[in-house]
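Line by line, the protein sequences give chains A and B.
Going by UniProt numbering, 144 is the number at position 144 of the first sequence; the sequence numbering is gapless.
Going by UniProt numbering, 227 is the number at position 227 of the second sequence; the sequence numbering is gapless.
Be careful, since some hints might not be right.
To be verified - For the chain A half of the interface with chain B, some residues (derived, Cβ under 8 Å), not all of them: (1) Glu101; (2) Ser179; (3) Gln206.
What the hints assert, rightly or not - Pairwise CB distance ranges (calculated): (4) A:Asp128 to B:Glu83: 25 to 31 Å; (5) A:Gly157 to B:Ser302: 18 to 24 Å; (6) B:Phe264 to A:Glu156: 36 to 42 Å; (7) B:Pro47 to A:Glu102: 27 to 33 Å; (8) B:Ile51 to A:Tyr246: 53 to 59 Å; (9) A:Leu209 to B:Asp288: 51 to 57 Å; (10) A:Asp128 to B:Pro47: 32 to 38 Å; (11) B:Ser107 to A:Leu261: 53 to 59 Å; (12) B:Ser302 to A:Glu270: 50 to 56 Å.
Stated by the list, open to error - Below, a list of computed lysine to any residue pairs in the SDA-like style, where the Cα atoms sit at most 25 Å apart: (13) A:Lys153 to B:Lys170; (14) B:Lys170 to B:Ser113; (15) B:Lys260 to A:Pro215; (16) A:Lys223 to B:Leu325; (17) A:Lys223 to A:Glu188.
None of these hints come from the bench; they were simulated from the model.
Fair warning: this is a prediction, and the values are worked out from it, not measured in the lab.
Heads up, the beta-carbon is just placed ideally off N, CA and C, and yes, glycines get one too.
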Amino acid sequence: MRPSPLPLRRAARQILSSSSPSAIRATAPAVPTARRSLNTSSTQTGSDCTCGNCIRRPQIQKLSKQQQQQRQQQQQVQKQQRSSYHSYDHPSSPASFTPVEESILSAAYQHVPSHGFTSSALAAGARDAGYLDISPTILPEGAFTLIRYHMVKQREGLAARARELFGGEGHVGARPGFSEREIMGRVEALMWERLLGNKEVIGRWQEALAIMAQPSYVPPSLKELAMLSDEILFLAGDSSVDPSWYTKRASLSTIYAAAELFMTNDHSPEFMDTRAFLNRRLREVNEVGGVFRNLREWVGFTATAGVNVLRSKGVRI
Amino acid sequence: MVARPALRRAIPSTLRSTSSKLLQPVSRSFSTTLQTQNQNKPNNSVPEYAIPDPARPTHFGFETVTEAEKRERVAGVFTSVAESYDRMNDLMSFGWHRVWKDHFVSSLNPGFSPLTSSSDPRAPQHILDIAGGTGDIAFRMLHTAHILNGNPDVRVTISDINPAMLTVGKQRSASLPASQQAALSFLEANAEDLTQTKPLGANQVGYSPTTGVPDESVDLYTVAFGIRNFSNIPAALREAYRVLKPGGVFACLEFSKADKHPLFNSIYKQWSFSAIPLIGQLVAGDRDSYQYLVESIERFPSQEDFRDMIVDAGFVVGGRGYEDLTGGVAAIHKGMKPRRK
């Protein structure tokens, strides 16, 4: 015999309308012991707990000024990670590394040409900065943190270089006045500037690329690459808001990664071969872009025509 | 599940008289008064919650007890599981705790020094492994430092409040190479007050407590699967801050929250609350101890909250300050004592 739906509905309404959680527990069927003990735990870890092992909000608010600053910086770093493109609505954060990280990493960076992007460079840097050999282990990603430091610093330095290259308006970013050709020229100049940023560490950059290709470091490396191409397009004055926003960034990332790899094996004076390589790739994108546009047009036309032919034959489409 | 507690008390009645001395709330002895004044604490005034108070309520699993009572009951738990501890760890975590511990030690890379011609002018590395009873972490540290990094100048001190666990570690250390045994020492101490310590087995020969671990004497302070059993975690963190050299690292491997993966979390909770006490009952013949272990895991603060506690004690952290292992079932927290200004 099926139970009448009415009492059930009434019970459900009672549960929904009652605000106190104890009422819910009273009407709920018996739960296994483990689940029940879990419930009690969640109710007991409230703010009324007075033991020293629980985090109480007032204690947190009593932090010293220095610690508060530290936490704010942490939050800013997190915030910056949330918006990974240029936005006028989200303020960009000035610091990507905490002061302590910065002091170790900047000292370690000086050792990169001799030691490479290794824990050796980190430990040597930590000594220079007045820390212990063990201190760099607080960096969450070890040697990769040093690589990321290099990439972040180079990317952040690009805005200043853009101002030098293009005069005052370099940092203003998107403005509608630029023609496609002008933007391409600026993109090429900026990419070349960024590639030259690797000049100091070029002998060690193959090692760095190998570390970046390790599975756990691939996502942050790709993200950094995406942010770089976004930065370059922003500084070049690109203001597209159509799907080409994505294709431009994707093709720029590919070209940059290829040019960077090419540069590690380039022994020509002033890296002339790399510059030629970069120019060829950028030109190809334009040509290939044209081919793709034509292809898309042709596919679109053929499909429409095909549908119309079928319709004329009486197929209901 | 796996647990390496620090705050334990000796159960054998012969030890009780001496060890109860350790359990008093922090009162600096005359010999340490000067040191205490000289230490550079982050805040000159230690907050009230970071001073051990035997009467203050705290957690014991899902129960609320006083700090002194927790100390006593944790001691009971680990004295009763000491013998079967390692076997139980393997059964409960499918041997995965070895992977965590290996990763923990390799991420710290003890004994590593840059490949420069000059050796470090400063004193050799000193590692303090708190709640290190059975030596799991300490033996790995020695292996990494002495063999992988070829640096014999690394000393490891295993500290534990529970002599029963230390005895197990001492027995296991007999199979190490002699050079590693020589670099190892055992210490019976309360992590909330490292000013009073004694070597293992000291009470049998009428040894008086030593001066303890001096200020700024430790390069690396590790605690693996132990800190959640402490009666007063903030006090222990401040004690860690005191004994570490500037630039020294506090590293903690502990169970944490897998809340980020709801499905996985529900399976994990089911396993820990229903299977682990059962395995404890069948293999170790002690259900209550393992019930406590899983409840204490549930009670331990989340990754972010614990990170804030570490920062609150004066440490600086890198990045987000922690690393999740196996989706957050365990987490590694690291903090560094900042350089003096």
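Results of checking the hints against the structure:
{"no.": "1", "hint": "Glu101", "result": "holds (5 Å)"}
{"no.": "2", "hint": "Ser179", "result": "violated (43 Å)"}
{"no.": "3", "hint": "Gln206", "result": "violated (19 Å)"}
{"no.": "4", "hint": "A:Asp128 to B:Glu83: 25 to 31 Å", "result": "violated (49 Å)"}
{"no.": "5", "hint": "A:Gly157 to B:Ser302: 18 to 24 Å", "result": "violated (37 Å)"}
{"no.": "6", "hint": "B:Phe264 to A:Glu156: 36 to 42 Å", "result": "holds (37 Å)"}
{"no.": "7", "hint": "B:Pro47 to A:Glu102: 27 to 33 Å", "result": "holds (29 Å)"}
{"no.": "8", "hint": "B:Ile51 to A:Tyr246: 53 to 59 Å", "result": "holds (57 Å)"}
{"no.": "9", "hint": "A:Leu209 to B:Asp288: 51 to 57 Å", "result": "holds (55 Å)"}
{"no.": "10", "hint": "A:Asp128 to B:Pro47: 32 to 38 Å", "result": "holds (35 Å)"}
{"no.": "11", "hint": "B:Ser107 to A:Leu261: 53 to 59 Å", "result": "violated (29 Å)"}
{"no.": "12", "hint": "B:Ser302 to A:Glu270: 50 to 56 Å", "result": "holds (54 Å)"}
{"no.": "13", "hint": "A:Lys153 to B:Lys170", "result": "violated (50 Å)"}
{"no.": "14", "hint": "B:Lys170 to B:Ser113", "result": "violated (29 Å)"}
{"no.": "15", "hint": "B:Lys260 to A:Pro215", "result": "holds (21 Å)"}
{"no.": "16", "hint": "A:Lys223 to B:Leu325", "result": "holds (22 Å)"}
{"no.": "17", "hint": "A:Lys223 to A:Glu188", "result": "holds (21 Å)"}
The earlier numbered hints that this structure contradicts are 2, 3, 4, 5, 11, 13 and 14.
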